[in-house]
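J.: Order-wise, the sequence lines are chains A and B. Heads up: the first sequence runs through residues 0 to 247, numbered per numbering that gives the first Met the number 0. Heads up: the second sequence runs through residues 0 to 453, numbered per numbering that gives the first Met the number 0.
Everything labelled a hint here was simulated from the structure, so no lab data went into it. Worth double-checking, as some hints may not be accurate.
Here are the computed lysine to any residue pairs in the SDA-like style, where the Cα-Cα straight-line distance is at most 25 Å [unchecked claim]:
| id | chain 1 | residue 1 | chain 2 | residue 2 |
| --- | --- | --- | --- | --- |
| 1 | B | Lys440 | A | His134 |
| 2 | B | Lys440 | B | Val315 |
| 3 | A | Lys98 | B | Leu349 |
| 4 | B | Lys440 | A | Asp56 |
Note that the structure is predicted; figures quoted are calculated from it, not measured.
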Amino acid sequence: MALLELRNVSKIYHTGGEEIRALDDVSLELNNGEFISIIGPSGSGKSTLMHILGCLDLPTKGEVWLDGINISKASQRELARVRNRTIGFVFQSFNLLPKLSVLQNVELPMVYAGIGGSQRRERATAALNLVELGHRLKNRPNQLSGGQQQRVAIARALVNDPKIILADEPTGNLDTHTGEVILNLFRQLSIQGRTVILVTHNPEIAAVTPRRVEIRNGKVAERVDERLAGLHRQAAAAGMAAGLGVPG
Amino acid sequence: MNLINTIVIGLKEIWAHKFRSLLTMFGIVLGVASLVGMSALIKGMENGMRESMVAMGGADKVLLEAQAVPAYQDHLADQAPGRTIRDVFALREGAPLLRVVSPEMTVPEVILTRGEKACDPSECVGAWPEVLEMNLHTVEHGRFFNAIDEERAHAVCVVGTGIRDALFGSPDEIGREIIPIGEKIQIGGQPFTIVGMFQHYMGEQEAKERALARRTPKAEPGSFQGPKRQKGWGKRGGWAFSRKNMTVYMPLNTAWVRFRIAGDLDGIPDPRLSDIDIKVRDLSNLEAALQQARNVLLVTHNGIEDFNFRTQENQVESINKQIENARMSGGIIAGISLLVGGIGIMNIMLASINERIREIGTCKALGATGTEIFIQIIVESVVLSILGALLGLLASGGLVEVLGLISPTGNTPVVTWQSQAIAVAFSAGVGIVAGLFPAVKAARLSPIQALRYE
Chain A
0 MALLELRNVS KIYHTGGEEI RALDDVSLEL NNGEFISIIG PSGSGKSTLM
50 HILGCLDLPT KGEVWLDGIN ISKASQRELA RVRNRTIGFV FQSFNLLPKL
100 SVLQNVELPM VYAGIGGSQR RERATAALNL VELGHRLKNR PNQLSGGQQQ
150 RVAIARALVN DPKIILADEP TGNLDTHTGE VILNLFRQLS IQGRTVILVT
200 HNPEIAAVTP RRVEIRNGKV AERVDERLAG LHRQAAAAGM AAGLGVPG
Chain B
0 MNLINTIVIG LKEIWAHKFR SLLTMFGIVL GVASLVGMSA LIKGMENGMR
50 ESMVAMGGAD KVLLEAQAVP AYQDHLADQA PGRTIRDVFA LREGAPLLRV
100 VSPEMTVPEV ILTRGEKACD PSECVGAWPE VLEMNLHTVE HGRFFNAIDE
150 ERAHAVCVVG TGIRDALFGS PDEIGREIIP IGEKIQIGGQ PFTIVGMFQH
200 YMGEQEAKER ALARRTPKAE PGSFQGPKRQ KGWGKRGGWA FSRKNMTVYM
250 PLNTAWVRFR IAGDLDGIPD PRLSDIDIKV RDLSNLEAAL QQARNVLLVT
300 HNGIEDFNFR TQENQVESIN KQIENARMSG GIIAGISLLV GGIGIMNIML
350 ASINERIREI GTCKALGATG TEIFIQIIVE SVVLSILGAL LGLLASGGLV
400 EVLGLISPTG NTPVVTWQSQ AIAVAFSAGV GIVAGLFPAV KAARLSPIQA
450 LRYE
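Work the whole structure out from these sequences, hints included.
T.: Right, dumping it as structure tokens:
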């Protein structure tokens, strides 16, 4: 059974009496451990698809099944809980809270999950060690470089051990080299068994993922790069999960 | 989501905008300071009023008043006996619920003289030793009259310090205290010996004035000092105290023999007392005690109701009423300033959530529910207002000090913990109310729009 499944999902907006079909009868299946990119020009419905995949929004028509549960009719409170436990968000502009330290930023999702203070600290530190920022716990986000900030954001996305990582243009504000580091991080995460969704408008970035979903005028078309998919499966099978291998 | 964490985040938010937060808090600071200062002033006033009340004999003193006979007994009016010493003996024997019964016979329109000096006492009455307990007098020098003085109608008197000041000179003027025990004065032209003097009664206000005078250096003798202050009733404020200091007491029998018997125009001396004051044994049993006294008096008065009781309850009630009014008006004014402070907080909270729309969106994406966002904003608002309230308490200390300095002779403002608690609680309430609208607004933000907000 698929981890996340969209069944004939439509999202329709009404603006000024005009009907806009941001998503038009989209069906999509995502499995555990997949590394997938969603690509499309702006205005294609890409953001809408991302919002529905990220449980930030509900479809007008159709069903969304997450982990075997239909969440199309969930309340805002239930959606918040799903976002908290099952999905990790990474944003283009990092979206770290400027007044909190790096450690507190990473602890935040656990605060909303109701996890006790000492455990929070422990897990946040572990997540930051994983992205090799264990030495910057007390710093403020604005004292870090862009790449470091994005790694903090990834640590934050990981800390509640979500099944899905949803990254919206994660390299958009970074230079090419740092962007590659971040993309590599995502690849490792998917090899470890998490589903990583990369939303981008840049075909070069989409090219690193084995599976690409292109969206245009609310309709999706899929393409699977068999070579990359094979490599990906191999890597996963080889259990490369030992280390994430971020260059210092 | 634990509360401490929320409070810490709220404090950080406030600390991040120190100046803005301080300005916002200022409204609450002023509101709390004025609330506490106002109630301290009123408390001081209340203390002053109660002090005067005690000077007049305390709350448990009941006056037995003469009154016109009721309409249905009008035909008996000429047989009304009035209040006489018979009543006093009857009450003493027949009304065990009464503790003290004190008869008084006023010597009217009398002037005290000693050589060239003369003065007009506030009251010159013949009384029994019970009067000491009734009117809460303390004999500091000499003695009070005894049964022999009473029996033989000795020409002795006990005076207040005000009389001493007028006839012998006050300590302020001559620099030493004269104790006129054994001295002779004329009361209404008749020689009396002073056998005792009461202590000097003064309110807190006068006590403060005296302390102040002691601290300020005395002017050089011979230097120009300006006209002397007027003396008399208005002197030193607190009329209850100055009145009490101008008392002259003599034995009841003396007043009767020396002034009343010869004093009446048609040759028949008036046996009526001018006052009978009583104190009941137990204030909580006031009604029953008064009923008992009424029954006894109806016997001695042949059933004619030419008397009435006046309790100090009215007095207490009127003091309470005045205090309540003062509190109410002061409280409303301070409440309005707190409300204005609350509007400031609401304003700043709205600005603050507008600045943080993206942050709120991020928190929602990370799994914060609307309730959690709501609580966060409310807590921030309450933290802001409580910080303001605590600063206000500090400021109120200064304010009360300044009020005390401005009016050194007024009743000292008394800061009560109740007023502080009310002020803090009220500003916390204002904080909650002020935070409601911004918090609801923030909680309702759609995460998508909040994340997109630039």
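J.: Hints first: check each against the structure and report whether it holds.
T.: Taking the hints in turn, this is what the structure says about them:
1. Lys440/B with His134/A: Given pair lysine 440/B, histidine 134/A is violated - Cα atoms ~38 Å apart, limit 25 Å.
2. Lys440/B with Val315/B: Violated - the C-alpha atoms of valine 315/B and lysine 440/B are around 51 Å apart, more than 25 Å.
3. Lys98/A with Leu349/B: With a Cα-Cα distance of about 18 Å, the restraint between lysine 98/A and leucine 349/B holds, given a limit of 25 Å.
4. Lys440/B with Asp56/A: holds, 19 Å
Going through the hint list in order, the structure does not satisfy hints 1 and 2.
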